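Q: One letter stands for each residue in the lines below.
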Amino acid sequence: MSKIGLIIKREYTTRIRKKSFIVMTILGPLLFAGLLFGTIWITLNDQETYTVLISDPYGLVTEYRGEQDSTLVPRFPDQFKDNENVIYGFTEKTQKPEELKDGFYNIMIELDEITINDGKCNMYFDNFPSENIQGKLKNDLQESLERFRVVDSLKIDYEKYKRAKLDVSFAEINVNKLGEEDHTKERAVIGFVFAILIYMFIFMYGVQVMRGVLEEKTSRIVEVMVSSVRPFQLMMGKVVGIGLVGLTQFLIWVILSAVLATFGLNYFESHLVNGAAVLENGAVVANGMNQAAMAQSLMNNEAINWIFLINWPLMVGMFIFFFIGGFLLYASLFAAIGAAVDSDSDTQQFMLPVTLPLVFSYIVSAMLITNPESPIGNFFSIFPLTSPITIMVKTAIGNISVWHLISAMAALIVAFLFFIWLGAKIYRVGILSYGKKVSYKDLWKWIRQKN
Amino acid sequence: MKYAIQAEGINKTYGKYQALTNVSIDIPEGKIFGLLGPNGAGKTTFIRILNQIIEPDSGLIKFYGNPLQRSHVENIGYLPEERGLYKKMKVGEQCVYLAQMKGMKEKDALTELKMWFEKFEIQAWWDKKVEDLSKGMAQKIQFITTVVHKPKLLILDEPFSGFDPINAELIHNEMLRLRGEGTTIVLSTHDMGSVESLCDNIALINRSQVILSGSVAEVRDSFRTKTYTLKFEGTLLEFTIALGARFELMSNELINDMHTVTVRIKPEFKLNDLLKQVIPVVDILSAEEKVPSMHDIFVQSVLSFNEAQA
Numbered sequence: 000m001s002k003i004g005l006i007i008k009r010e011y012t013t014r015i016r017k018k019s020f021i022v023m024t025i026l027g028p029l030l031f032a033g034l035l036f037g038t039i040w041i042t043l044n045d046q047e048t049y050t051v052l053i054s055d056p057y058g059l060v061t062e063y064r065g066e067q068d069s070t071l072v073p074r075f076p077d078q079f080k081d082n083e084n085v086i087y088g089f090t091e092k093t094q095k096p097e098e099l100k101d102g103f104y105n106i107m108i109e110l111d112e113i114t115i116n117d118g119k120c121n122m123y124f125d126n127f128p129s130e131n132i133q134g135k136l137k138n139d140l141q142e143s144l145e146r147f148r149v150v151d152s153l154k155i156d157y158e159k160y161k162r163a164k165l166d167v168s169f170a171e172i173n174v175n176k177l178g179e180e181d182h183t184k185e186r187a188v189i190g191f192v193f194a195i196l197i198y199m200f201i202f203m204y205g206v207q208v209m210r211g212v213l214e215e216k217t218s219r220i221v222e223v224m225v226s227s228v229r230p231f232q233l234m235m236g237k238v239v240g241i242g243l244v245g246l247t248q249f250l251i252w253v254i255l256s257a258v259l260a261t262f263g264l265n266y267f268e269s270h271l272v273n274g275a276a277v278l279e280n281g282a283v284v285a286n287g288m289n290q291a292a293m294a295q296s297l298m299n300n301e302a303i304n305w306i307f308l309i310n311w312p313l314m315v316g317m318f319i320f321f322f323i324g325g326f327l328l329y330a331s332l333f334a335a336i337g338a339a340v341d342s343d344s345d346t347q348q349f350m351l352p353v354t355l356p357l358v359f360s361y362i363v364s365a366m367l368i369t370n371p372e373s374p375i376g377n378f379f380s381i382f383p384l385t386s387p388i389t390i391m392v393k394t395a396i397g398n399i400s401v402w403h404l405i406s407a408m409a410a411l412i413v414a415f416l417f418f419i420w421l422g423a424k425i426y427r428v429g430i431l432s433y434g435k436k437v438s439y440k441d442l443w444k445w446i447r448q449k450n
Numbered sequence: 000m001k002y003a004i005q006a007e008g009i010n011k012t013y014g015k016y017q018a019l020t021n022v023s024i025d026i027p028e029g030k031i032f033g034l035l036g037p038n039g040a041g042k043t044t045f046i047r048i049l050n051q052i053i054e055p056d057s058g059l060i061k062f063y064g065n066p067l068q069r070s071h072v073e074n075i076g077y078l079p080e081e082r083g084l085y086k087k088m089k090v091g092e093q094c095v096y097l098a099q100m101k102g103m104k105e106k107d108a109l110t111e112l113k114m115w116f117e118k119f120e121i122q123a124w125w126d127k128k129v130e131d132l133s134k135g136m137a138q139k140i141q142f143i144t145t146v147v148h149k150p151k152l153l154i155l156d157e158p159f160s161g162f163d164p165i166n167a168e169l170i171h172n173e174m175l176r177l178r179g180e181g182t183t184i185v186l187s188t189h190d191m192g193s194v195e196s197l198c199d200n201i202a203l204i205n206r207s208q209v210i211l212s213g214s215v216a217e218v219r220d221s222f223r224t225k226t227y228t229l230k231f232e233g234t235l236l237e238f239t240i241a242l243g244a245r246f247e248l249m250s251n252e253l254i255n256d257m258h259t260v261t262v263r264i265k266p267e268f269k270l271n272d273l274l275k276q277v278i279p280v281v282d283i284l285s286a287e288e289k290v291p292s293m294h295d296i297f298v299q300s301v302l303s304f305n306e307a308q309a
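Going down the list, the protein sequences come from chains Y and V. Counting from 1, position 402 in the first sequence corresponds to residue 401 in numbering that gives the first Met the number 0; the numbering is continuous, with no gaps. Counting from 1, position 60 in the second sequence corresponds to residue 59 in numbering that gives the first Met the number 0; the numbering is continuous, with no gaps.
Okay, chain V solo, but in the shape it has when bound (with noise of 0.2 Å):
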């Protein structure tokens, strides 16, 4: 596999405090990778060091296969979390001015910028001043300004915010066709939901280490527990009694009449064997497998560290 960025055994520290412990990191070329952690665990850190804002105390960076240079900034489009525009700029100088801070010629700037201008709908607000714009419209500028210069490598932290679910969605349509088009896409988000329906690969960060990385499938494959959502007709009685103790109810719920389970099987068996104890004592109306969610994950996870830690 090819990978845009390969970061090895990263460190950093601000005075005494750790930001970043031996973290390393890789993101497959081409895909959408969601750098996942709580606040103050060190994912900013991490992205101020992609982008050369600050420098690792120690550790490796490797751009496409080459060590991290000045001159990558330019293949690399930033849209941090704290984001903001010059107020007294109008709109098309700051683009052409944040394109130009990113290596394009004004002229190249113009023609892309007027292609995104057309695409958003927004060509009216090229003579506006900024301060006149509302968040949302400067959302959608910002986000021009981040992809204008056609980076290989794009870095969103926490791209939805502030926005409404028409522009969000349009973002996130955006991000889809970027990908498809060979960008590599690093989104930090909090957002479990955009995670999932998003991302290929994650990376979670917590307290400075990296404690889960991996492929969203692998992921969550590694956090099945063999737990099944079952919906039958008949009594629970007779249903737990054919349960035995091969395997183990977690829950139940009675809705007119339809009972819904979750049961957990050990290990040795398979679904196979749990249905062939159950039928014969009711009606399974149907049967699948209780896979765990990104939020799910991400909370066990991060706690689960934590009380390892204290």
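Next up, chain Y with everything else stripped away, as it sits in the complex (with noise of 0.2 Å):
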């Protein structure tokens, strides 16, 4: 074998051999998923049960129960039903908003006179409520206003207003790709998640490059080292095996995921087919309705039909090549962040030119979701320091020419090559230089200097 396939050898057996290695792999998958159910599971079940008090001196969304009976009810039964999270009770008399520090009510909804005509009233709060209680609070008062307007006021069947009422909404088709909806956002998000991925790994690894090269410095086998290999070749045999390490993670993730995505999708499928059934018994719930329509959606092949829009086969040789490269170029620049300092508290000052770029590549993702076709993004995705995360968003949507990963791929080939370059004029210097603090001006001499 080869010395540097020695060295790469080595890199990656001791790495693989690790305890923190195995952990990780096989936790990876199941912090992730936990981490995904986690956040949906918290945005369902971990809601405060609110009170709130609809003060309605105009009676607009009230009504007596009946000619001796004074409690006030909805005006429409349909509307304010209490729930696990929401319960309601109403007042016509206007209220201290004072008191809801210490009363019953911790929320408190004010209908005014003007109310019917703009829509707007006051909510006082002591707690501010989730987006998700806001949504069944403003749902039911706009149903219940929309109702008294319509009734009250034009007389109109509420029935027929319903039928009459619309909703616009875009099915959005590229007219490059005509016959099929686009699903832009949906495959931006799927991009997104490669991006980060590609993120991740390149963070991940590229500290380890660096450590590793700091450990061999700190404990002074370097020298031994180069006196048998070049210091290229040292630092590249440590790049590519970890870069290997990297790889070999993600292809065990990939295999774990699909095993437990597989799981998972069974198990929700057999609950979601319960679900409709009880739809179909007649024994409806409001619950149970929101399962039966996911169910559906779910079953329903137009709805995640979308997924198959995305280039898959493009989109994994992307992935494969942009983390390549742009692992390449991030690991030659903290290989040559271990090689210049002595200790990984002095990593510091170096680290911030190489990881900004880094974020900012993920920002530029998270932006080209919401406005695929910036120009910023559109640049950023050739830029090579920040194409290997921002190009997979890109490559998803499917909104990029040939001609533009053309000149992605071509830009990060040349860059990592230059870099590949830089990193190894400081690494060979760096290796060998103890016990003086390193400032960038040392980095520009150690670069110009002869070997």
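Worth flagging that the hints you see were computed from the coordinates, not collected in a lab. It should be emphasised that the depicted structure is a prediction, and the values quoted were computed from it without experimental measurement. Heads up, the beta-carbon is just placed ideally off N, CA and C, and yes, glycines get one too. Take the hints with a grain of salt, since some may be wrong.
Straight-line alpha carbon distances no greater than 27 Å define the calculated DSSO-like cross-link-like pairs of lysine-lysine that follow [to be verified]:
no., chain 1, residue 1, chain 2, residue 2
1, V, LYS134, Y, LYS435
2, V, LYS106, Y, LYS17
3, Y, LYS2, V, LYS89
4, Y, LYS159, Y, LYS119
5, V, LYS86, Y, LYS436
6, Y, LYS449, V, LYS15
7, V, LYS113, Y, LYS2
8, V, LYS15, Y, LYS444
9, V, LYS127, Y, LYS17
10, V, LYS86, Y, LYS8
11, Y, LYS2, V, LYS87
12, V, LYS104, Y, LYS2
13, Y, LYS436, Y, LYS449
Distance ranges between label pairs, derived from CB positions [to be verified]:
no., chain 1, residue 1, chain 2, residue 2, range
14, Y, ILE405, V, GLU80, 44 to 54 Å
15, V, ALA309, Y, GLN448, 25 to 35 Å
16, V, GLY64, Y, LYS17, 39 to 49 Å
17, Y, LYS17, V, GLU80, 24 to 34 Å
18, Y, ILE446, V, GLY179, 45 to 55 Å
19, Y, ARG219, V, LYS289, 33 to 43 Å
20, V, ASN21, Y, LYS436, 26 to 36 Å
21, Y, ARG219, V, ARG223, 37 to 47 Å
22, Y, ILE446, V, GLU306, 31 to 41 Å
23, V, LYS127, Y, SER342, 19 to 29 Å
Covered stretches of chain V, as calculated for chain Y (at least 3 residues, CB under 8 Å) [unchecked claim]:
no., segment
24, 48-58
25, 83-96
Take the two lone chains and join them into the complex the hints point to.
A: Following this line, the structure appears as structure tokens:
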């Protein structure tokens, strides 16, 4: 085996055998899945119960239960239904907001005489309600007020009004791909997930390269090593070895995730089908209805078909190319940092210029989700320091020309060759320099220095 | 004479800093060569050039008669002053890896290493982690990894630092044995005692230049000052009168009625002439030439060179 092969092998095997690698590789997908389901679970379940007082002195949404019964009830029984998160109460008096603090209610919504015209009302709160809760409150109020306007003011049958009412939505169709809906946003999100993966791997394994170089330097093995191999071989051996560790971990994650996802989907499917069965039995509860709707949309091919609009072979190819290219580029810089300093704590001053473009490309990727054709996004999906991350979003959306891809790839190749060269220049001097705090000026000297 | 290394007119600068100035050093084959000099003189730079870790700005190096090239690293063993091992690796694994880096096949490396581990009686360490070794143990491992591939040229930078006397003796004897087998050894050290007991030739580098070189015998010869140490019984006054103008009394000491004096003789005279003068007046107990030690030669050369430059 060639010497660089031996170096790669050592870097690879010592890392693969580490307990931390094995633990992370197995726990990674579990953590990821846990995070995903945890977030969903939290948003669904972690809600306080709000007691909401509707103060309605003008009787816009409430009325007395009967002639002898002066209890206030909603005018339209479909609205203002209590659920596990919201309990409604009604009053016709105006209440002082201060009383909220110690009273039974923690939210008060005040309807006044203009509310019926402009839909505005004050919401007093002790605890700010979540988007979800606000949604329910607004929904209830809106429908009730609408009914009031339609039935009481315009004297139109509410059912007729509902039939007349229309929500406008777009089916997005790209003129270049007539005959199919585009689903740009959903695809962009998938691309963003890939972008995050590349971002994470470059960071995690780039820092490992830096640590590895620093360890060789501080343990003083490096001078023995460079008396046998060229510094460039040592650096590239480390970069490639660690890159392979990253790819290995990624592959295992993909396989494990696929297995987990299959199990997860099976589980969901059986539960959702139950929900649908409940619907057929006629025992419809609001909860069951939601599930049934979800189940139907999942079963309905069209709803999920957009996943196949993504050009997956291209996506996977791009992912591998930009993962490797981006890693080579950044890992050489991380290696140079590791070589330039004497201890972990000194790495900070050089980390910033390396992490900045990484973080920036993350931000641009997020922006591309809402604005896929942004010229800034287009530029940074070619600019090699940011392209490995941002281009994943564009590839997933598919609004990217062959020329765009080719120029991004070419730019990346040129850039990683340049940065490997630059990193190697700093590396070869840095690994043999001890005890001096290095400045950017020194780095510049090293770059220009002959061997 | 055959040479392992012939370095001619080597120059090396780091930015404005001149690390080596027109350095020419010839290292004879099969000998132990002492590379001496104060800290920062340029020894490490020269050693790194020999190891092709860095390249000289100008000058030529021949390795056993041929211009130094990349493949020669496999014929060189290098123990740097700043040395270490991969802490997380196992001892045996690490030794095999470093031997492979020097071009050995895994199988050959295992055979050779087994021999060395038996010789140093450290077989039990094979599966230990390097981080669990003491400093002395790690030094033994480092020495083994330096010599395991049977290099023709061995470069040892301060090999004895950190060793206890027992292990230092072990390394000392190994060096003599390897020389006996034809290995050329470059020894860079500040320990002048080991230079005297081991080295055949030396070069003294000071402020980037070679200021002294040659065989140890020649160098010491050139530093002889015709100074002799005499021990005698009698009176110092009569002894001093007998010396006259031809001989100069440098120092004297009286212990238990015995005088120990050092006397310098003018170039045109010999020890016999001195003895003829003093035998009549005192009882001579012994007389021997005061040969300069390598320590004295080192200090004297460096100081006089620095004075001349200042």
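Q: All the hints need checking, so say for each whether the structure fits it.
A: Here is how each hint holds up against the structure:
no.	hint	in the structure
1	LYS134(V) <-> LYS435(Y)	holds (25 Å)
2	LYS106(V) <-> LYS17(Y)	holds (26 Å)
3	LYS2(Y) <-> LYS89(V)	holds (20 Å)
4	LYS159(Y) <-> LYS119(Y)	holds (26 Å)
5	LYS86(V) <-> LYS436(Y)	holds (25 Å)
6	LYS449(Y) <-> LYS15(V)	holds (13 Å)
7	LYS113(V) <-> LYS2(Y)	holds (23 Å)
8	LYS15(V) <-> LYS444(Y)	holds (11 Å)
9	LYS127(V) <-> LYS17(Y)	holds (16 Å)
10	LYS86(V) <-> LYS8(Y)	holds (17 Å)
11	LYS2(Y) <-> LYS87(V)	holds (20 Å)
12	LYS104(V) <-> LYS2(Y)	holds (11 Å)
13	LYS436(Y) <-> LYS449(Y)	holds (21 Å)
14	ILE405(Y) <-> GLU80(V): 44 to 54 Å	holds (52 Å)
15	ALA309(V) <-> GLN448(Y): 25 to 35 Å	holds (30 Å)
16	GLY64(V) <-> LYS17(Y): 39 to 49 Å	holds (48 Å)
17	LYS17(Y) <-> GLU80(V): 24 to 34 Å	holds (31 Å)
18	ILE446(Y) <-> GLY179(V): 45 to 55 Å	holds (47 Å)
19	ARG219(Y) <-> LYS289(V): 33 to 43 Å	holds (42 Å)
20	ASN21(V) <-> LYS436(Y): 26 to 36 Å	holds (33 Å)
21	ARG219(Y) <-> ARG223(V): 37 to 47 Å	holds (42 Å)
22	ILE446(Y) <-> GLU306(V): 31 to 41 Å	holds (39 Å)
23	LYS127(V) <-> SER342(Y): 19 to 29 Å	holds (27 Å)
24	48-58	holds (count 6)
25	83-96	holds (count 7)
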